[in-house]
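Assemble the whole structure, with the sequences as input and the hints as a guide.
Listed in order, the protein sequences are those of chains A and G. So the first sequence is numbered by the numbering used here: it starts at 1 and just counts up by one. So the second sequence is numbered by the numbering used here: it starts at 1 and just counts up by one.
In this list, chains with the same sequence are indistinguishable; a pair is considered to hold if it fits within one copy or across any two.
Under the rule of at most 20 Å between Cα atoms (straight-line distance), these lysine to aspartate or glutamate pairs were calculated in the EDC-like manner:
| # | residue 1 | residue 2 |
| --- | --- | --- |
| 1 | K98 | E249 |
| 2 | K98 | D252 |
| 3 | K150 | E140 |
| 4 | K153 | D34 |
| 5 | K243 | E92 |
| 6 | K251 | D78 |
| 7 | K7 | E35 |
| 8 | K100 | E250 |
| 9 | K143 | E244 |
| 10 | K7 | D234 |
| 11 | K109 | E244 |
| 12 | K7 | E42 |
| 13 | K98 | E250 |
| 14 | K98 | D78 |
| 15 | K150 | E35 |
Rather than coming from a laboratory, the hints here were simulated on the basis of the structure.
Number of protein chains: 2
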Amino acid sequence: MKNCMDKIEIIGLRGIPDIKENDDIAEIICRKADEQGVGLREGDVIVIASKIVSKAEGRLVRLDEVEPSPFAVKIGEDMHKTPELVELILRESRKIVKMKFRHLIVETKHGFVCANAGIDRSNVAGERNIVALLPENPDESAKRIREGIKRRKNIEVAVIISDTFGRAWRRGHVNFAIGISGMKPIKDYRGTRDIYGYTLRITQMAVADELAAAAELAMGKSDRIPVVIIRGYDYPRGDGSSKELIYPEEKDLFR
Amino acid sequence: MKNCMDKIEIIGLRGIPDIKENDDIAEIICRKADEQGVGLREGDVIVIASKIVSKAEGRLVRLDEVEPSPFAVKIGEDMHKTPELVELILRESRKIVKMKFRHLIVETKHGFVCANAGIDRSNVAGERNIVALLPENPDESAKRIREGIKRRKNIEVAVIISDTFGRAWRRGHVNFAIGISGMKPIKDYRGTRDIYGYTLRITQMAVADELAAAAELAMGKSDRIPVVIIRGYDYPRGDGSSKELIYPEEKDLFR
Numbered sequence: 001m002k003n004c005m006d007k008i009e010i011i012g013l014r015g016i017p018d019i020k021e022n023d024d025i026a027e028i029i030c031r032k033a034d035e036q037g038v039g040l041r042e043g044d045v046i047v048i049a050s051k052i053v054s055k056a057e058g059r060l061v062r063l064d065e066v067e068p069s070p071f072a073v074k075i076g077e078d079m080h081k082t083p084e085l086v087e088l089i090l091r092e093s094r095k096i097v098k099m100k101f102r103h104l105i106v107e108t109k110h111g112f113v114c115a116n117a118g119i120d121r122s123n124v125a126g127e128r129n130i131v132a133l134l135p136e137n138p139d140e141s142a143k144r145i146r147e148g149i150k151r152r153k154n155i156e157v158a159v160i161i162s163d164t165f166g167r168a169w170r171r172g173h174v175n176f177a178i179g180i181s182g183m184k185p186i187k188d189y190r191g192t193r194d195i196y197g198y199t200l201r202i203t204q205m206a207v208a209d210e211l212a213a214a215a216e217l218a219m220g221k222s223d224r225i226p227v228v229i230i231r232g233y234d235y236p237r238g239d240g241s242s243k244e245l246i247y248p249e250e251k252d253l254f255r
Numbered sequence: 001m002k003n004c005m006d007k008i009e010i011i012g013l014r015g016i017p018d019i020k021e022n023d024d025i026a027e028i029i030c031r032k033a034d035e036q037g038v039g040l041r042e043g044d045v046i047v048i049a050s051k052i053v054s055k056a057e058g059r060l061v062r063l064d065e066v067e068p069s070p071f072a073v074k075i076g077e078d079m080h081k082t083p084e085l086v087e088l089i090l091r092e093s094r095k096i097v098k099m100k101f102r103h104l105i106v107e108t109k110h111g112f113v114c115a116n117a118g119i120d121r122s123n124v125a126g127e128r129n130i131v132a133l134l135p136e137n138p139d140e141s142a143k144r145i146r147e148g149i150k151r152r153k154n155i156e157v158a159v160i161i162s163d164t165f166g167r168a169w170r171r172g173h174v175n176f177a178i179g180i181s182g183m184k185p186i187k188d189y190r191g192t193r194d195i196y197g198y199t200l201r202i203t204q205m206a207v208a209d210e211l212a213a214a215a216e217l218a219m220g221k222s223d224r225i226p227v228v229i230i231r232g233y234d235y236p237r238g239d240g241s242s243k244e245l246i247y248p249e250e251k252d253l254f255r
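This is the structure in structure tokens:
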């Protein structure tokens, strides 16, 4: 029975502690994987919820220490949002894509199009008043964790930093990849032929986003499983970036 | 070691034959799962590429038998597309959402926003001239297959019909759920509290889309693995529809 090639495992890591600034996430992942008896293996994909990366990198902000601009105050009033939160959203953004129905969809400094610049109020130190910003450079965060794992275990893995995004046209949120290291985010089928020899036209799968989505199934939302191992997936090796998942504006149909 | 709760398996079914009109997909899935030694189990999610469902339901069309309207001819010329293909796209659509850069993004009769109404030229009977339309009613297709499995195996499973979609703002395609039976497509965290007791605001995860995305990792594109079993995921039980994944236009930020 040689079905190992077709089986992929999604393994949630239990017992990750509440992450504090300067915690070593690579060390914690290696240790928890060992404690759980699954270990880390060459070729694993490690998907990490951005929230714990933000915490380790000190990306928490107290809302009462933020001085909202007049524009933030006005938007806050119009959209029924805390002006201090709006101020932070604007600081993390380079463009407002859509303001409608109390939703503030922006393009972040990284280039991600999402609500509220990805700023999150849940699971942050137990205080409603503290929010978590996205990591400053999620690709770099992923790289540091990947290198930390390599230093400890001498194995090559891929690391994906994920966050929960809404989508145009479709209800509900899904997990996307916002930081990547040790893999290419897109699997390119261009030039390959289908089983009839016809050259495929839909050719580029955003596998990093699909891996992030798969990982979310094991994360749940309030279950304290911010790290998931995906084992047995033959990801595209190479030195990729989450930027490859973002359309440049001049090629984007919807900006 | 009680980690079975946190482990989800993605199992690609090998050896699915080329599907012909009126083939019994439920029977084929049950048989191939048994042959592979994995069987089907209560609580499995079966993700099925829409293409084989279209083939079984006779949703193939010969392009040279299509009479393009003058409008389809004009769009075809402007966008460098076969006018017969444009004609079929228009017939499958109720609205054109965007025409730009040779992309024709429509709202299908089902309500899905996607390129070319989901019409696919690859892997269809070995002929460039034959295309596959999406199933007429993918929820009904999923239900028939789920009931066929239940009849044969006396187990409850969830069935998802999936297809490959592009997204706004993000490069690359991912697999989405276009037909659902035996589960709810959205996992609702509204009212649940995070680990600090703060009520969660981002609360609705589109788990059917995440399951479809996870399945694609085992499908590949030209590998003849159109059926994937996802085992060990505690999906939201109930009688759901893919329509729940579509924003009604009046609530949509981007239509």
